[in-house]
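Each of the two chains sits in its own frame; use the hints to bring them together as a complex.
Residue numbers (the working numbering), protein chains in the order written: chain X, 1409 to 1525; chain Y, 104 to 218.
Treat each hint with caution, since some may be false.
To be verified - Capping the alpha-carbon separation at 27 Å, the derived lysine-lysine pairs in DSSO-like fashion look like this: (1) Y/161 / X/1459; (2) X/1449 / X/1423; (3) Y/125 / X/1486; (4) X/1449 / X/1462; (5) Y/180 / X/1449; (6) Y/180 / X/1459; (7) Y/125 / Y/152; (8) X/1452 / X/1486; (9) X/1462 / Y/152; (10) X/1462 / X/1452; (11) X/1449 / Y/172; (12) X/1459 / X/1486; (13) Y/172 / Y/152; (14) X/1423 / X/1459; (15) Y/161 / Y/172; (16) X/1452 / Y/125; (17) X/1423 / X/1486; (18) Y/172 / Y/125; (19) Y/180 / Y/125; (20) Y/180 / Y/161; (21) Y/152 / X/1452; (22) Y/161 / Y/125; (23) X/1452 / X/1423; (24) X/1462 / X/1486; (25) X/1423 / Y/180; (26) Y/180 / X/1452; (27) Y/180 / Y/152.
As the list claims (entries may be wrong) - Chain Y regions said to be covered by chain X (calculated; three or more residues, Cβ under 8 Å): (28) 144-154; (29) 168-180.
Derived from the structure by calculation, the hints contain no laboratory data. As the structure is a computational prediction, the values presented were derived from the model and not from experiment. Virtual Cβ for every residue (Gly too), placed ideally from N, Cα, C.
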Amino acid sequence: EAGVTQFPSHSVIEKGQTVTLRCDPISGHDNLYWYRRVMGKEIKFLLHFVKESKQDESGMPNNRFLAERTGGTYSTLKVQPAELEDSGVYFCASSQDSFAGTKNIQYFGAGTRLSVL
Amino acid sequence: AQSVAQPEDQVNVAEGNPLTVKCTYSVSGNPYLFWYVQYPNRGLQFLLKYITGDNLVKGSYGFEAEFNKSQTSFHLKKPSALVSDSALYFCAVRPVDDNTDKLIFGTGTRLQVFP
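If we strip away everything but chain Y, and leave its shape as in the complex, we get (with noise of 0.2 Å):
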């Protein structure tokens, strides 16, 4: 089955500090992969895609991701958080082997940055 992991429920890292969120999936063929943030009471916000080309996409409010296809793998990184970034971030794919736009989520990850 097609699916999309976030090991971890929620991370925590000090403000100016770097922050990675996890993402791994498992979709057959060469899937787009996305971020999308969620602050509270709204909604998902897009923060970045990949497509094809340069592994490192770089997104809205510093956020970066890199995507690496031996390890199936599509990391949101940053290199320096901000409080303001404290927020439940999801990772999507869509899978383009088949005919359909649907987006496959991961459960989220929440992301904490401490002043």
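So that you can see chain X by itself, here it is in the shape it has in the complex (with noise of 0.2 Å):
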């Protein structure tokens, strides 16, 4: 079985563009969530999708952030103007229905590492 998936690996972008990160979390799972680690920090919590439904979105830092998950399978997290403290690395993250039996684990991707100069 597949795990979560990101892409690109890692991004290297000029202030003010635009980036698009991709996640495909393991099939099957209606949870989808994204973090994000900046430098030696803690990961934090962006939000949460259920299916194509935002049921957390209380970590998102701005309104440049924008995550969608149209169709309840992949999800694009788009940063538009890109700043120098939005880089790092952002990880997704993916579990199953909460009433199956291995409720509360989330299973996480590689990451993709962005730098924005």
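Okay, structure coming up:
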């Protein structure tokens, strides 16, 4: 079974440009999460989708960030325009429906390292 | 504010010796507790979790963690370290008193096991 996959693995852009990150969750997982780790700090929650609906977007830093999950499958996270402080590693995670036996375990991708110059 | 503390940026241990990676949390109620590990160029990999029951939980690769409610701690342990255990370890909690699935992470502890 394929795990959570994220594209690209690394992105280098200039301040003011736009970047789109993609996450493909584990097949059949309704829950999809985005997190971010700024260098050396804790991993912080950004938002949570249940299928195509945003369940919790309390961690989104500002309106330069837009997350979508059309059709309830893969998700994209767009940063427009990017600022220097957006640099970090963006992780995606997925989990099964809460009624499943392995509820509460979030499975993570390898992350996308974003560098804004 | 809800938070997770991993007080050590790095833990060094000789192969074969026991290891402990510390984690304390400040979260109301009875949260779910997790440990994840990140090997170089890999994603976060689930190690173990505590939901309820026995305070000592066993996980992958011989790791275990001890939940201490009075000290709000969830330290990761292994009786005999391997060089291949060298990685970045994250403690995480999921509050269960609010309607959210989000994980709150610590800053991570780098474990270095020397031959």
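Results of checking the hints against the structure:
In summary, the hint linking residue 161 of chain Y to residue 1459 of chain X is not supported, as the alpha carbons are separated by about 32 Å, beyond the 27 Å threshold. Of the pairs offered as hints, the one joining residue 1449 of chain X and residue 1423 of chain X holds, with about 22 Å between alpha carbons and a cut-off of 27 Å not exceeded. Proposed proximity of residue 125 of chain Y and residue 1486 of chain X is contradicted: the alpha carbons are some 35 Å apart, above 27 Å. This hinted pair checks out: residue 1449 of chain X and residue 1462 of chain X have alpha carbons roughly 26 Å apart, not beyond 27 Å.
Annotation: proposed proximity of residue 180 of chain Y to residue 1449 of chain X holds, straight-line Cα distance about 23 Å (limit 27 Å). Only pairs whose Cα atoms come within 27 Å are accepted, and residue 180 of chain Y paired with residue 1459 of chain X is rejected, the gap being roughly 36 Å. Taking the CA atoms of residue 125 of chain Y and residue 152 of chain Y, the gap is about 15 Å. The hint holds against a cut of 27 Å. For the suggested pair residue 1452 of chain X and residue 1486 of chain X, the alpha carbons sit about 17 Å apart, so the restraint of at most 27 Å is met.
Taking the CA atoms of residue 1462 of chain X and residue 152 of chain Y, the gap is about 26 Å. The hint holds against a cut of 27 Å. Restraint check for residue 1462 of chain X and residue 1452 of chain X: satisfied, since their Cα atoms lie roughly 17 Å apart, inside the 27 Å limit. With a CA separation close to 26 Å, the supplied pair residue 1449 of chain X and residue 172 of chain Y stays within the 27 Å bound. Proximity of residue 1459 of chain X to residue 1486 of chain X is assessed by CA-CA distance (about 18 Å); at most 27 Å being required, the pair is judged to hold.
Distance check on the hinted pair: residue 172 of chain Y and residue 152 of chain Y sit about 15 Å apart at the alpha-carbon level, within 27 Å; holds. Annotation: proposed proximity of residue 1423 of chain X to residue 1459 of chain X is violated, straight-line Cα distance about 32 Å (limit 27 Å). This hinted pair checks out: residue 161 of chain Y and residue 172 of chain Y have alpha carbons roughly 17 Å apart, not beyond 27 Å. A hinted pair counts as satisfied when its Cα atoms are at most 27 Å apart, and residue 1452 of chain X with residue 125 of chain Y qualifies at roughly 19 Å.
At roughly 14 Å between alpha-carbon atoms, residue 1423 of chain X and residue 1486 of chain X fall within 27 Å of each other, so this suggested pair holds. The suggested pairing of residue 172 of chain Y with residue 125 of chain Y holds, with an alpha-carbon distance near 14 Å, which does not exceed 27 Å. At most 27 Å may separate the alpha-carbon atoms for a hinted pair to count; residue 180 of chain Y and residue 125 of chain Y meet this at roughly 9 Å. At most 27 Å may separate the alpha-carbon atoms for a hinted pair to count; residue 180 of chain Y and residue 161 of chain Y meet this at roughly 10 Å.
Between residue 152 of chain Y and residue 1452 of chain X, the direct Cα distance comes to roughly 19 Å. Compliance with the 27 Å bound is thereby established for this hinted pair. For the hint linking residue 161 of chain Y to residue 125 of chain Y, the alpha-carbon distance of about 16 Å falls within 27 Å, and the restraint holds. Between residue 1452 of chain X and residue 1423 of chain X the CA atoms are separated by roughly 22 Å; this keeps the pair inside 27 Å, and the hint holds. A distance of roughly 15 Å separates the Cα atoms of residue 1462 of chain X and residue 1486 of chain X; the hinted pair therefore holds under the 27 Å criterion.
For the given pair, residue 1423 of chain X sits about 43 Å from residue 180 of chain Y by alpha-carbon distance, which is inconsistent with the 27 Å threshold. At roughly 25 Å between alpha-carbon atoms, residue 180 of chain Y and residue 1452 of chain X fall within 27 Å of each other, so this suggested pair holds. Of the supplied pair hints, the one linking residue 180 of chain Y and residue 152 of chain Y holds, its CA atoms being roughly 13 Å apart against a limit of 27 Å. Three residues within the 8 Å Cβ limit are the bar, and the segment 144-154 of chain Y against chain X gives 8, so the coverage statement holds.
Under a criterion of three residues with beta carbons nearer than 8 Å to beta carbons of chain X, the stated coverage of the segment 168-180 of chain Y fails, only 0 such residues being counted.
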